[in-house]
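S.K.: If you want the building blocks of each chain, they are given just below.
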Amino acid sequence: MAQKSIKKGKKQRRIIDTDIHERATYAELVPYLDNPWRRYITDNHWIQEKHMPYTQPTVAGVDRADAVTPDGGAAGTDLAFMQEQLLDAEGHEYGILTGALDPSPSSMHGWYEMGAALATAYNNWQIENWLEKDDRLYGSVHIAAQDPQQAVREIERVGSHPKMVQILLPIDTRSWGDPYYHPIFEAAERHNLSIGMHHNEPPTHFGGWPRYFIEWHTMLPTAHMIEVSNMVFNGVFDKFPGLSLIMIEGGFTHAPHLMKKMDQQYKELRHEIPWVKRMPSRIMQEHVRFTTQPVEEMTEKEFMQYMDQMGSEDMVCFATDYPHWDYDSPLEALPKLGETLEEKIYAENARASYPKLPQMQGSVLT
Amino acid sequence: MREVVCKKEDIEPGKMRSASLGKIPVVVCRTKDGEFYAYANRCLHQGAPLSEGALCGDTKRTDIHGNYEYIRDGEILRCPWHGLEYDIKNDGCMLAEPEKKLRSFNVTIEDEHVVLYK
Ligand code: FES
Numbered sequence: 018m019a020q021k022s023i024k025k026g027k028k029q030r031r032i033i034d035t036d037i038h039e040r041a042t043y044a045e046l047v048p049y050l051d052n053p054w055r056r057y058i059t060d061n062h063w064i065q066e067k068h069m070p071y072t073q074p075t076v077a078g079v080d081r082a083d084a085v086t087p088d089g090g091a092a093g094t095d096l097a098f099m100q101e102q103l104l105d106a107e108g109h110e111y112g113i114l115t116g117a118l119d120p121s122p123s124s125m126h127g128w129y130e131m132g133a134a135l136a137t138a139y140n141n142w143q144i145e146n147w148l149e150k151d152d153r154l155y156g157s158v159h160i161a162a163q164d165p166q167q168a169v170r171e172i173e174r175v176g177s178h179p180k181m182v183q184i185l186l187p188i189d190t191r192s193w194g195d196p197y198y199h200p201i202f203e204a205a206e207r208h209n210l211s212i213g214m215h216h217n218e219p220p221t222h223f224g225g226w227p228r229y230f231i232e233w234h235t236m237l238p239t240a241h242m243i244e245v246s247n248m249v250f251n252g253v254f255d256k257f258p259g260l261s262l263i264m265i266e267g268g269f270t271h272a273p274h275l276m277k278k279m280d281q282q283y284k285e286l287r288h289e290i291p292w293v294k295r296m297p298s299r300i301m302q303e304h305v306r307f308t309t310q311p312v313e314e315m316t317e318k319e320f321m322q323y324m325d326q327m328g329s330e331d332m333v334c335f336a337t338d339y340p341h342w343d344y345d346s347p348l349e350a351l352p353k354l355g356e357t358l359e360e361k362i363y364a365e366n367a368r369a370s371y372p373k374l375p376q377m378q379g380s381v382l383t
Numbered sequence: 028m029r030e031v032v033c034k035k036e037d038i039e040p041g042k043m044r045s046a047s048l049g050k051i052p053v054v055v056c057r058t059k060d061g062e063f064y065a066y067a068n069r070c071l072h073q074g075a076p077l078s079e080g081a082l083c084g085d086t087k088r089t090d091i092h093g094n095y096e097y098i099r100d101g102e103i104l105r106c107p108w109h110g111l112e113y114d115i116k117n118d119g120c121m122l123a124e125p126e127k128k129l130r131s132f133n134v135t136i137e138d139e140h141v142v143l144y145k
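Each protein sequence line maps, in turn, to chains A and B. By my numbering, the letter at position 273 of the first sequence is numbered 290, and the numbering carries on one by one without gaps. By my numbering, the letter at position 9 of the second sequence is numbered 36, and the numbering carries on one by one without gaps.
Wrong hints could be hidden among the right ones.
[Said to hold, decoys possible] Beta-carbon label-pair distances, calculated as ranges:
hint	chain 1	residue 1	chain 2	residue 2	range
1	B	Gly93	A	His62	32 to 38 Å
2	A	Ile290	B	Gly74	53 to 59 Å
3	B	Lys127	A	Gln73	21 to 27 Å
4	A	Thr190	B	Lys127	39 to 45 Å
5	B	Lys34	A	Glu317	43 to 49 Å
6	B	Arg130	A	Gln73	27 to 33 Å
Source of the hints: derived by calculation from the structure; they are not laboratory data. For glycine and all other residues, C-beta sits at the position ideal for the given N, C-alpha and C.
Model the full structure from these sequences, guided by the hints.
M.R.: The structure is reproduced here in structure tokens:
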């Protein structure tokens, strides 16, 4: 497995990037699918229903304009270019792949049979073309979560792969605390996998799509807040004490508010949910992690105020979201935070939340 | 400091290219009316190379909700990452926060060559 060393003179920082998008084209997935699924793509021209009611009014759609591959391919389709532009350039220790947005087997409308077939194909494609070709890359198990039995079978099939570290769940009409999904959490615990939430499915708000993309993108965290409170209040972490949840691409600055709010509600209304046995903020401190991206511009003082209010320095993990337009640079996106906290945010918090990542022993990786 | 970038016709109106002035990365832009401007090729937000973005226009400010008018095509430099916009005809001011501006450089045409000065 070829790996280049970090560029000389570049500031060294251990980086575990918790959100990198590799992209499969439909054509690349076809060889990994059996019939009739393959035929639905090649003959019936199936593409996934993914439409937003707006264009992405950015320079190059969903992607960074400079992430187009050297041969003009879509951003995220070329491992060598991603190595050059991201992993080598920024000196990544590890990166966690969170999948293409389209097709995205973790988020299917209705046709779960196709979703399950696509998930299997996608996982095989991911392992062969990315995870087994770069030591630094770790992966996410894609499942069609709306069919939990099939999903559990897929987790049993690939979940023990040494480089699979989490299971992605969709943001959909049924929130994740619902007992419907609990077999998936049980399988996650069994395989030491975290649960990751990423809006591979564009989350709609209660009330449907807002009129403008700027509203939708601003309010992404609301979808995250719903899932976190749903999981906590439905007792998921009481029932699965080994489970950890990574909320990807919602930022983290909404978290202090949510923790405070949920604690207050718990004091007032806890008798409604007697299966929840601790303060919600305690549960979140232990089980829930938030990625930084897309981070707001902040001074160190502002950043530290959020940390203080969360009552923990363990809950925030760095993410670039490469190659998307709202990418955050590992050296520019956050204010200076001091060595100890930077180590945690850029690497150690993620290492602690993904038990299958190589752990540090003293200063040596195992 | 002086640096010859390229021939004048190498940058068509409405296009841009990256260059350097000593060690400083620069983006040289040519507006549709043929004027040249040069700015530091580093976004004020997270440092993305602006020359990888777009020279585009703006939507005119309006008091009428729902009213769109596209103006100033080729005069706005837009970052390839988060899309912050800089007004190349107005000293590189950021459209959203005009008190922030890109560092600018003098650019002249000498013998049909584009030349940068600091
Ligand atoms: S780096 Fe240019 S807009 Fe963020």
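S.K.: It remains to establish, for every hint, whether it holds in the given structure.
M.R.: Hint by hint, here is what the structure shows:
At roughly 35 Å, the beta carbons of Gly93/B and His62/A sit within the given window of 32 to 38 Å. Hint check: Ile290/A to Gly74/B, Cβ distance near 46 Å, so the stated range 53 to 59 Å is violated. Checking the proposed 21 to 27 Å range against Lys127/B and Gln73/A shows it holds: the Cβ atoms sit about 24 Å from each other. Checked against the given bound of 39 to 45 Å, the beta carbons of Thr190/A and Lys127/B, roughly 42 Å apart, stay inside it.
For the hinted restraint 43 to 49 Å between Lys34/B and Glu317/A, the CB-CB distance of approximately 47 Å keeps it satisfied. Separation of Arg130/B from Gln73/A is about 30 Å and conforms to the stated range, judged on CB atoms against 27 to 33 Å.
Hint compliance for this structure: hint 2 alone is broken.
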